[in-house]
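Peer 1: Construct the entire structure; sequences and hints are all you get.
Number of protein chains: 2
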Amino acid sequence: MQSHSIKSLLNGQVDTGQTVEIKGWIRTTRDAKGFSFLVVHDGSCFDGIQVVADESLPNYSTEVIKLFTGCSVIVTGELTESGGKGQNLEIKADKVTVVGWVENPDSYPVQPKRHTMEFLREVAHLRPRTNTFSAMMRVRNTMAQAVHQYFNQRGYLWLHTPIITASDCEGAGDLFRVSNLDLLNLPKTDKGDIDFSEDFFGKETYLTVSGQLNAETYACALSKVYTFGPTFRAENSHTQRHLAEFWMIEPEVAFADLNDMAALAEDFLKYLVKQVLDNNADDMQFFNQFVDKGCVQRLETLLDDKFEQVNYADALKILEKANVKFEYPVKWGLDLQTEHERYLTEKHFKKPIVVKNYPEEIKPFYMRLNDDKKTVAAMDVLVPGVGEIMGGSQREERLEYLLNRMKAHNLDEAEYKWYTDLRRYGTVPHSGFGAGFERLISYVTGLSNVRDVIPFPRTPGNIKF
Amino acid sequence: MQSHSIKSLLNGQVDTGQTVEIKGWIRTTRDAKGFSFLVVHDGSCFDGIQVVADESLPNYSTEVIKLFTGCSVIVTGELTESGGKGQNLEIKADKVTVVGWVENPDSYPVQPKRHTMEFLREVAHLRPRTNTFSAMMRVRNTMAQAVHQYFNQRGYLWLHTPIITASDCEGAGDLFRVSNLDLLNLPKTDKGDIDFSEDFFGKETYLTVSGQLNAETYACALSKVYTFGPTFRAENSHTQRHLAEFWMIEPEVAFADLNDMAALAEDFLKYLVKQVLDNNADDMQFFNQFVDKGCVQRLETLLDDKFEQVNYADALKILEKANVKFEYPVKWGLDLQTEHERYLTEKHFKKPIVVKNYPEEIKPFYMRLNDDKKTVAAMDVLVPGVGEIMGGSQREERLEYLLNRMKAHNLDEAEYKWYTDLRRYGTVPHSGFGAGFERLISYVTGLSNVRDVIPFPRTPGNIKF
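Chains as they are written, first to last, in the UniProt record's numbering: chain A, 1 to 465; chain B, 1 to 465.
Treat the hints as calculated values from the structure; they're not laboratory data.
Every value quoted in this text rests on a predicted model; they were computed, and no experiment measured them.
Just so you know, not all the hints are guaranteed correct.
Derived lysine-lysine pairs resembling PhoX-like cross-links, with alpha carbons at most 25 Å apart [said to hold, decoys possible]:
| hint | chain 1 | residue 1 | chain 2 | residue 2 |
| --- | --- | --- | --- | --- |
| 1 | B | Lys203 | A | Lys464 |
| 2 | A | Lys347 | A | Lys270 |
| 3 | A | Lys464 | B | Lys417 |
| 4 | A | Lys407 | B | Lys464 |
| 5 | B | Lys188 | A | Lys188 |
| 6 | A | Lys417 | B | Lys113 |
| 7 | B | Lys407 | A | Lys464 |
| 8 | A | Lys351 | A | Lys293 |
| 9 | A | Lys203 | B | Lys113 |
| 10 | A | Lys464 | B | Lys351 |
| 11 | A | Lys85 | A | Lys95 |
| 12 | A | Lys191 | B | Lys407 |
| 13 | A | Lys85 | A | Lys113 |
| 14 | A | Lys417 | B | Lys464 |
A few chain B residues that face chain A, going by a derived Cβ cut-off under 8 Å, partial list only [said to hold, decoys possible]:
| hint | residue |
| --- | --- |
| 15 | Met1 |
| 16 | Ser5 |
| 17 | Gly43 |
| 18 | Val99 |
| 19 | Ile163 |
| 20 | Phe176 |
| 21 | Ser179 |
| 22 | Ala322 |
| 23 | Asn462 |
| 24 | Phe465 |
Note that CB positions come from ideal geometry on N, CA and C, so glycine has one too.
Peer 2: Structure representation (structure tokens):
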């Protein structure tokens, strides 16, 4: 007999009266006189389905009444309307096969009760068995599929940029080194430095912090590409918003300027949100009730809002006039801090905003210098409740300007020869942005710690699984 | 004016007689008396579109006749039926705007002529501007999207398993170390070993070779998952089939056995092939003509073939009877070599085959011991022209058997506590397979070197881009 997913049963894809088979894990059990109620879950949707098993089953007293949360079972029986509260359908079991028991039920880590998020991180291999993490995983999947659908439908090619790299892209922050040198017997140069010419790639290599520079080479040949892959930061950061390993989405578009990117980022974010609202109503109902009250309303509002656009210079004026004491100074040439960003999006505009045209000196070398010679064509997308959620720029497509900015950033021209070649051979205006996937999920679900929206989080000291 | 992709024009989505705008790069130019033919390409499909620019254009003599392969342009004009051979539609230009010139056209690396694959690897940042690599990239994209479509439509969740890991999964081969210790000042233990407790994660860490063990934890909670992410091998291998960094697809399914996996692998491969044949007819026509004559026929045959299944033991008998002198011995307990695999699939069965049930001693610890106690429930999928293209197994779901095999493989039980927990708490039969994405693309396109089916290949000594 072909098994059914519980989702297909609860969605009404099978008529009542039919005999069905399900396979899954016990979530809860309740015994009454002469029969037991078993809620069985298989991950296909938020709810499990209730199984009614009565004492006429041959293994009722030997097995069924001993079932416990976490046991795996195969159940066959008739799909029927349910008399119970809170569910419409249930299965009247003809047969309950116990596939796997739970060793020492009392010490099973995922008991049918509320656990702290901190505890569940300690049992990351078992936390997908909880409501919160199975719902997170389905929402994460919907969003990940939506990323591909969005770009694929619009003619973008998914580009796999390299994970191991010899360049550090932005000159940004701490890098993980990748090597297979023998640490107890390191080759040295005459000067006493490490001789990376003997390493696997013949150079010092790192884990990528961004696929952007590589993506530009393909955008400047095939017009529209995007990356969706893992990126890394070796920052010793212990905040709710930072992971050492996270997934990033980076579209890169030829013949596109900063305004095109602002429009793309807005449309993209709304598409992802709409997909979740349309496909994960049950999971979002759970987040709305138990994790982030009002998150569904917040997302519905986002879909209706037209994002506001504001120049960095004008944002400074708003902040200077604000009747708020900020911890960090508000001054031309300083980057906006989270407190500033949240004031702008939450208090002043009360909607998502795009801040554009930042001072040149606080932004990476590849961003395009504006005609004022003071600012670059950079943008940050800020949303209420989170702050910055995406960031992008128009890239400097003019060779002489790019070389000047590289010099100012002390970058080795020879190392970036391939990158500057794009400006030598049929250069085009082009632009892109980056979106941290976990921050997007955090925004959508209201799970405020990014450790809880990725299956196996990597942070300083955490590598257990 | 909204621009059009060249694909949308050549597909007939715009009526002739309309004024259209295109943006792209010059592929070839040809001058006649009083006008020029420019073929413009934008990556949206295999062909470029021919632009007819005549001397009445104000910048004809100053710019248009100086255009060269690689220059970027914006063209507006009327879409018309073409009188020329080999194309149906062309654009009669009203305006040709040169966006970017090519510096020193004579030394532009991607001249309009045939280049060797070896040369193009040296200019990996420019090779997407060639027919071969833009076609490869579109086929790669179709296959990557098809992976997600296939699993998403069937209720699988895309799982992002960690890239940085403390376990080496299979005890398999050479690992890249990930670290941010200061190599010139390494912390040591009392015994003189490296003190990894001071490293970022507090342990020695590596780049993953497989997401399987992590994927099992989610399959044993949510039933059906798959990974699609980068994996790594620090093997000093210089063959056409090996990359240090490549993308792998790994479905993992609860309540599934080895036969389910053989069926899934067959169905999955056929789905990918069908998507390419349906969506990339132009690109495949190019590969069929210039790269791998007959590859389209080969793929169409694959769709019709029912994969043959054969036990390892029976495969040995076939090889022993074969009237062929093999380089490597054919003997129980030895793994099949490429020459054996290719004999089986190409000469004997003449179709794709699944070899199953290999001797326990040549397979990793997590594979399920068969009732004969000699073999494990492993499979390899072999296809003509390539040999092994996918490999999988049923996982050992019985705790005592798993612990025995771990002991035999000298694995530290404590390190794998989380993995064995899956067998303590509601264990289920479960199975999965792994497919190297680049080998799949290599198979489909006939591009025999996997360095040519990934944008920026990583092999020993190669890290330039």
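Peer 1: All hints are to be evaluated individually against the structure, with a verdict given for each.
Peer 2: Do the hints match the structure? See the list:
For the suggested pair B/Lys203 and A/Lys464, the alpha carbons sit about 9 Å apart, so the restraint of at most 25 Å is met. For a cut-off of 25 Å, the pair hint linking A/Lys347 to A/Lys270 stands: about 21 Å separates their Cα positions. Distance hint between A/Lys464 and B/Lys417 is fulfilled; the C-alpha atoms sit about 10 Å from each other, no more than 25 Å. For the given pair, A/Lys407 sits about 21 Å from B/Lys464 by alpha-carbon distance, which is consistent with the 25 Å threshold.
Taking the CA atoms of B/Lys188 and A/Lys188, the gap is about 18 Å. The hint holds against a cut of 25 Å. Proposed proximity of A/Lys417 and B/Lys113 is supported: the alpha carbons are some 24 Å apart, at most 25 Å. Annotation: proposed proximity of B/Lys407 to A/Lys464 holds, straight-line Cα distance about 21 Å (limit 25 Å). For the suggested pair A/Lys351 and A/Lys293, the alpha carbons sit about 18 Å apart, so the restraint of at most 25 Å is met.
Between A/Lys203 and B/Lys113, the direct Cα distance comes to roughly 33 Å. Violation of the 25 Å bound is thereby established for this hinted pair. Distance restraint check for A/Lys464 and B/Lys351: the Cα-Cα separation of roughly 44 Å exceeds the 25 Å cut-off, and the hinted pair is therefore not satisfied. Straight-line distance between C-alpha atoms of A/Lys85 and A/Lys95 comes to about 24 Å, which keeps the hinted pair within the 25 Å bound. Distance restraint check for A/Lys191 and B/Lys407: the Cα-Cα separation of roughly 47 Å exceeds the 25 Å cut-off, and the hinted pair is therefore not satisfied.
For the hint linking A/Lys85 to A/Lys113, the alpha-carbon distance of about 20 Å falls within 25 Å, and the restraint holds. For the given pair, A/Lys417 sits about 10 Å from B/Lys464 by alpha-carbon distance, which is consistent with the 25 Å threshold. Here the hint on B/Met1 is broken, as its CB sits about 13 Å from the closest CB of chain A, past 8 Å. Annotation: B/Ser5 was flagged as interfacial toward chain A, and the flag holds, the nearest CB pair being 6 Å apart, inside 8 Å.
The criterion of a C-beta within 8 Å of any C-beta in chain A is met by B/Gly43, whose closest approach is roughly 3 Å, and the hint holds. Because the closest C-beta pair between B/Val99 and chain A is about 5 Å apart, less than 8 Å, the hint holds. For B/Ile163, the interface hint holds, since its Cβ comes within 8 Å of a Cβ in chain A; the closest pair sits about 5 Å apart. Checking B/Phe176 against chain A: minimum C-beta separation of about 5 Å stays under 8 Å; hint holds.
A cut of 8 Å between beta carbons decides the hint on B/Ser179: the least distance to chain A is about 6 Å, and the hint holds. At about 39 Å, the closest approach between the beta carbon of B/Ala322 and any beta carbon in chain A exceeds 8 Å, and the interface hint on this residue is violated. Among the interface hints, the one on B/Asn462 holds; its C-beta lies about 7 Å from the nearest C-beta in chain A, closer than the 8 Å criterion. Taking 8 Å as the C-beta cut-off, the interface hint given for B/Phe465 holds, the closest approach to chain A being about 6 Å.
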